[in-house]
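If you're matching them up, the sequences are chains A and B in order.
Position one of the first sequence corresponds to residue 594 (the working numbering), numbered consecutively onward.
Position one of the second sequence corresponds to residue 3 (the working numbering), numbered consecutively onward.
Read the hints as simulated data drawn from the structure, not as lab findings.
Incorrect hints may have been included.
Derived Cβ-Cβ restraints for the label pairs, each shown as a range [to be verified]:
id, chain 1, residue 1, chain 2, residue 2, range
1, A, Tyr-978, B, Asp-353, 41 to 51 Å
2, A, Tyr-1023, B, Asp-368, 55 to 65 Å
3, A, Tyr-978, B, Gly-377, 30 to 40 Å
Coverage of chain B stretches by chain A, computed from C-beta distances (three or more under 8 Å per stretch; other residues unrestricted) [to be verified]:
id, stretch
4, 345-354
5, 359-366
Below are the BS3-like pairs computed for lysine-lysine, each with C-alpha atoms no more than 25 Å apart in a straight line [to be verified]:
id, chain 1, residue 1, chain 2, residue 2
6, B, Lys-318, A, Lys-1015
7, B, Lys-49, A, Lys-970
8, B, Lys-398, A, Lys-989
9, A, Lys-1015, B, Lys-262
10, B, Lys-318, A, Lys-867
11, B, Lys-294, A, Lys-1015
12, A, Lys-973, B, Lys-355
13, B, Lys-78, B, Lys-102
14, A, Lys-661, B, Lys-43
15, A, Lys-661, B, Lys-355
16, B, Lys-323, A, Lys-1015
17, B, Lys-323, A, Lys-1001
18, B, Lys-102, A, Lys-661
19, B, Lys-44, A, Lys-655
20, A, Lys-1001, B, Lys-44
21, A, Lys-970, B, Lys-323
22, A, Lys-1001, B, Lys-384
23, A, Lys-989, B, Lys-262
24, B, Lys-323, B, Lys-398
25, B, Lys-398, A, Lys-655
26, B, Lys-318, A, Lys-936
27, B, Lys-262, A, Lys-661
28, A, Lys-970, B, Lys-43
29, A, Lys-661, B, Lys-194
30, B, Lys-323, A, Lys-989
31, B, Lys-162, B, Lys-194
32, B, Lys-355, A, Lys-989
33, B, Lys-44, A, Lys-666
34, A, Lys-936, B, Lys-294
35, A, Lys-970, B, Lys-44
36, B, Lys-43, A, Lys-936
37, A, Lys-1044, B, Lys-355
38, A, Lys-663, B, Lys-43
39, B, Lys-162, A, Lys-989
40, A, Lys-663, B, Lys-318
Note that CB positions come from ideal geometry on N, CA and C, so glycine has one too.
Spelled out, the chains give:
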Amino acid sequence: MRDKQVQDLKEYKYGFSTDIDTIKAPKGLSEDVIKFISNIKKEPKWLLEWRLKAYNRLKVLKEPDWQKPKYPKIDYQDLYYYSAPKSFKEKPKNLDELDPKLLETYKKLGIPLQEQKRLNGIAVDAVFDSVSVATTFKDTLTKQGIIFCSISEAIQKHPELVKKYLGSVIPITDHYFATLNSAVFTDGSFVYVPPGVKCPMELSTYFRINASDTGQFERTLIIADKGSYVSYLEGCTAPMRDENQLHAANVELVALDDAEIKYSTVQNWYPGDKDGKGGIYNFVTKRGLCQGKNSKISWTQVETGSAITWKYPSCILKGDNSIGEFYSIAITNNHQKADTGTKMIHIGKNTKSKIISKGISAGYSDMTYRGLVDISKNAKNSSNYTQCDSLLMGNKCGAHTVPYIKNKNSDSNIAHEATTSKISEDQLHYCQQRGLNSEDAVGLIVNGFCKEVLQQLPMEFAVEAQKLVGISLEGSVG
Amino acid sequence: MEKQLRTDFKKIIESSNFSETEIITKEKYLNKFIQNGFPGKKNEDWKFLDLNQAIKSNIENLDYFNENLPNEVNPKIYVDGLEHNKIVFINGRIEKIDFKYEESDKFEIIDKFDSKSLLNDVNSLVDLNSALTNKYYKIQVKEHYTVKKPVILYNLTTSKISSKNINIRLDFNLEPNSALKIIDYSIDKSEKNFVNIVYNFNLEKDAILKNYKLDKEENNNIKYSYNNINLDTNSVAENFILSLGSSFIKNEINCNLNGKYSSAFVNGIFNLDNNKNHEIRTSINHLNENTKSYQLIKSVLGENTKSAYQGKIFVKSNAQKTDGYQLSKAILLSDNAEFNAKPELEIYADDVKCSHGSASGSLNQDSIFYIMSRGLNYIEAKELLINGFLLDVVEKVTDNEIKNLIKNIMGLKE
């Protein structure tokens, strides 16, 4: 009986797919496909040119290969770069016009868009394959002058903001996957918080890959103007499929003077089955720019899904007194692989950064923390504190730490600590003595191990994340 | 470069008497080196210190053939106040071997080439060394024998040579329950040479190796040193690196903990000024159960200097109960100084205790204030703090006589 429960829990509960008519761009990557995407989204000319410029650069660029988890070569001509539900040719004006099948999908995922209209709480932007399907709580936000919409909508309605900030943090001259995204990005969220406004609710995007053979390339742009504050959440799931799917998103954050952005991710893409078949390749570029004085950007991530996770949410601390933070839990089980960490680039004076990373690997998985702390010559009085701990379960998995530390300033301090260990027998024994079975005991200990990071998550997410941590490790002990 | 290499290689072959098979193996290594060239920034292991660039900008027309003329050994160079055995290299050529303190039947010096001892797939510089060394020596310490006095390997370069590549290769085999202390002691009177040293140590059961490297004299040579240490059950290797004088030096230590209960220690000091670039790279491979490693590296960095520490702890999946520790600390005294670290853990076993730490920053102003309030001036206070900082590493040296020698070299008071 219990075995069956465990079995049920272990299975990926978001693995269903929705049967819905879609419009797709022709298969493959070419100038025509980019024109097709740009055309269907009715984009202005400058954006098309920008995309093509990125595409031209992509042609000469090589895929990076220094990462720890190796993967079979991706055939970029065998992917669909645009896929949208057919009912979206004319974008529905409100939720009532939305295809009921879509609403059903999100309800199954635990995000009832309809009810959210009435309940107080989180404003959601739901992205289904290539397009944003719904954004809730628009009115409340508009009153305060906050713009929260899909990036396609922003391109139409707020071109001046998009033009100014798009590519300002991740330029088209960046690495391979970022450039690919610049060429073919389809949708994503756009947030602008005007000066002095504290966003009254959590903003959230829910990403869902549905169609097969598609890559998801979304682009998120968040701008916090002077003295503003915004907290943004992101969740992701995908159906179970045998082939590997590519997800290469770009996320750009810009914080002006005295602004603060808090960005939280709970990533639970389909990790592949227990033999490592299928799953999402999560190759994401996330970068925040603390442009103004006293600005702050804080990344929190809980990474439990994906066959391969390869990302480094980074902070460029350009403004004086700016602060960058990175809190991460990464859990890999079965044949999952992760190479994740952060970069903290200190440029301004008195800049501070903090990195807390917790990695847990079980089964046959492999996990790497890779991080860079770079204090430049002019970053007087800067400081960094890094702590990365790894927990291993079993001797078939690996846990690695590869920090790069560069200090070019004599007034700055860098401190780095890392440990690797297993769950101690004593702790397990203690818990079991008090009546917990070994699975629950491990869950409890692991949650304690991750506590510092879980605390950083907004309430609604923290509960979900805590459960996720438990589920991801089910069956890995005993 | 290739043409120069090939002609010089020919000259080396002609001037020595190698067998046919030896020449073929040497050629193989030469081709490998020509294919890869000097490592540069693009190579992950050389990310912080670009050797290719350094050679290009400092040495014109690097010459690989050394005429191998005998030199006179001036006894003035010997270290005072420490009874020791000696092996003297002058410009890469062995001029003197003196083991007068030892029982002659307890150790052996073999100069027969053994192709098994060649190191494969390490890096292009080791390949270069394998291709171009013209002499091969192996020092064999017999079972249950403790070499009484330390062996100092004098590595002298004279002002006669310039723009030369010097390759030195030595092998050491410590039979069960034997012990050996060696000191690598370089005296440089030359400039603009590229010195490439490779040592290979094999420690059998219960053997103890103490390996000290002292680079103290100011010089403008570019140096690379690679030590490979294989450890069998219950053996111990203690390494200490004092990195002071050369303008460019990289010390690399690779320890394979093959036997149970074996342990490796690497301690190092960088105390740099005037445009110096130094690096220590270690990789400690825990390949069996109950092995232990400990590393402590400290840097003091003055005007326009750069130091790097790349340390890797690798734990194989069967190496349970591993204990690995790594700490690197740096004090930056100037705004033009740079400290880079890459302390790496690669772990495949779960019942292990591995950790690393790294800290860098300036001298603590409160400490300086405290000392000055007790009557010392600013410079004295600074010196006191730096000495204390570095003394911590020197104290890890387990041999008292050698510890005092190191303290003298560094000007630390006992």
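Can you name, in rising order, the numbers of the hints this structure does not satisfy?
Those not satisfied are hints 1, 2, 8, 12, 17, 18, 21, 25, 26, 27, 29, 34, 39.
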